[in-house]
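Add chain H to chain G, keeping to what the hints say.
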Amino acid sequence: MATDPFEGQSDEEVLARFVDTQLPAGSREAAFHSLVDRYHRRVFAICFQVLRSSSDAEDATQETFVKLARGAGSFRGEAQLSTWLYRVARNVCTDHVRHHARRPATPVADPGELTSAPAEPDTTAGTDERLAVAAALDTLDPLSRQALVLVAIEGLTYAEAAVVTDLPVGTVKSRVSRARARLATALAPDGGSDASGATPDHDRTSHH
Amino acid sequence: MDEIERLTSYLDGGLAADERRALEAELAGDSALRARLEALRAADAALEQLPATELPEGARQRLDARLSGVLAEVLAAEPAAPVPLRRVAGDAPTSLEATEIVPDRFTARRRRRALPARVRPGHPRRGATL
Chain G
1 MATDPFEGQS
11 DEEVLARFVD
21 TQLPAGSREA
31 AFHSLVDRYH
41 RRVFAICFQV
51 LRSSSDAEDA
61 TQETFVKLAR
71 GAGSFRGEAQ
81 LSTWLYRVAR
91 NVCTDHVRHH
101 ARRPATPVAD
111 PGELTSAPAE
121 PDTTAGTDER
131 LAVAAALDTL
141 DPLSRQALVL
151 VAIEGLTYAE
161 AAVVTDLPVG
171 TVKSRVSRAR
181 ARLATALAPD
191 GGSDASGATP
201 DHDRTSHH
Chain H
1 MDEIERLTSY
11 LDGGLAADER
21 RALEAELAGD
31 SALRARLEAL
41 RAADAALEQL
51 PATELPEGAR
61 QRLDARLSGV
71 LAEVLAAEPA
81 APVPLRRVAG
91 DAPTSLEATE
101 IVPDRFTARR
111 RRRALPARVR
121 PGHPRRGATL
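Just so you know, the sequences run in chain order G and H. Using the working numbering, the first residue of the first sequence is number 1, and each one after it goes up by one. Using the working numbering, the first residue of the second sequence is number 1, and each one after it goes up by one.
One chain only, chain G, in its complex shape (with noise of 0.2 Å):
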């Protein structure tokens, strides 16, 4: 990716930029493509934990920044562009969901798809332990696996994993707690070892 040319101004500074009618065209689209640069990737990111199709993620990627475009100047200030941008994609994606609910539902990807990039390239050492996990995190709940994906490898913060799954900040603290210890016991080397803190089942024959 090429230098920043707004490195060290704020999310919020560089959008100020896009809708300052007073600068020249070419600037304030400098702007704006400095914020794709900053937010492309996660906002796919976010759309396909949601869609579950790297085509649907990518078109609704584009409606979110089409909406960035459009909807700049009533950008207020009073939440993170981020957690803001973040909204819009999951409102977009909640659209797609509900407009494409006639469609037959969609196939159940691969586990190593489910959570990994629709175009990984890699191909390094630690491939085994990678789909370890992908199945691992395959066996949770798709709300669980969600949250956890988002917070755990996508780098959101909880308060922005909040807004994405529309959930209360506590919720989904909770939910990715869960998940990891869910994920502990699935990854333990023997398979039952309980990291979850649940009660194991107890040995009812062994009673004497």
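No wet-lab data here; the hints were simulated from the structure. Note that CB positions come from ideal geometry on N, CA and C, so glycine has one too. Heads up, a few of these hints could be off.
To spell it out: a stretch of chain G is covered by chain H in this simulated footprint if at least three of its residues, at any positions, have a beta carbon under 8 Å from a beta carbon of chain H; those stretches are [to be verified]: (1) 31-41; (2) 174-185.
The calculated label-pair distances, taken between Cβ atoms and stated as ranges, are [claimed, not checked]: (3) G:L143 to H:A77: 39 to 47 Å; (4) G:H99 to H:A72: 21 to 29 Å; (5) H:G29 to G:A79: 40 to 48 Å; (6) H:M1 to G:D166: 18 to 26 Å; (7) H:Q49 to G:G8: 16 to 24 Å; (8) H:S68 to G:D128: 41 to 49 Å; (9) G:L143 to H:G29: 18 to 26 Å; (10) G:G77 to H:E48: 28 to 36 Å; (11) H:Q49 to G:D95: 16 to 24 Å; (12) G:E7 to H:A16: 14 to 22 Å; (13) G:P168 to H:Q49: 25 to 33 Å; (14) G:G26 to H:A16: 27 to 35 Å; (15) G:L143 to H:E24: 26 to 34 Å.
Quick look at chain H alone, frame taken from chain G:
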């Protein structure tokens, strides 16, 4: 806070000092609890192995192509007094309030982004030695 949240908060360095000390005292005397903590730490480390989602090949070019017309339109808009944002036919209703363009509302407030909240296994808060 239940046990799972205590352990994950501990790993994230998110426990208050007194809570941390209390948990460390428990850990010192409870090998099963230590095992659960270590399993969580291992799971966090495994998660770190997974790459973040990458953009599909050519996605940026396709986005730029989609945006070029939109940006030309937005940038060519009259810089007159605050005007309502136009809603283009076919656009789905947006959560963005179509209100006024008020660039002067953007003060030069510098906000450090709170990112990332990425789980950092193996880096408990300073002083946490277990």
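Structure-based check of all given hints:
no. : hint                        : result
1   : 31-41                       : holds (count 5)
2   : 174-185                     : holds (count 9)
3   : G:L143 to H:A77: 39 to 47 Å : holds (41 Å)
4   : G:H99 to H:A72: 21 to 29 Å  : holds (27 Å)
5   : H:G29 to G:A79: 40 to 48 Å  : holds (46 Å)
6   : H:M1 to G:D166: 18 to 26 Å  : holds (24 Å)
7   : H:Q49 to G:G8: 16 to 24 Å   : violated (32 Å)
8   : H:S68 to G:D128: 41 to 49 Å : holds (44 Å)
9   : G:L143 to H:G29: 18 to 26 Å : violated (36 Å)
10  : G:G77 to H:E48: 28 to 36 Å  : holds (34 Å)
11  : H:Q49 to G:D95: 16 to 24 Å  : violated (34 Å)
12  : G:E7 to H:A16: 14 to 22 Å   : violated (36 Å)
13  : G:P168 to H:Q49: 25 to 33 Å : holds (30 Å)
14  : G:G26 to H:A16: 27 to 35 Å  : violated (51 Å)
15  : G:L143 to H:E24: 26 to 34 Å : holds (32 Å)
Taken one by one, the earlier hints fail for this structure at numbers 7, 9, 11, 12, 14, listed in ascending order.
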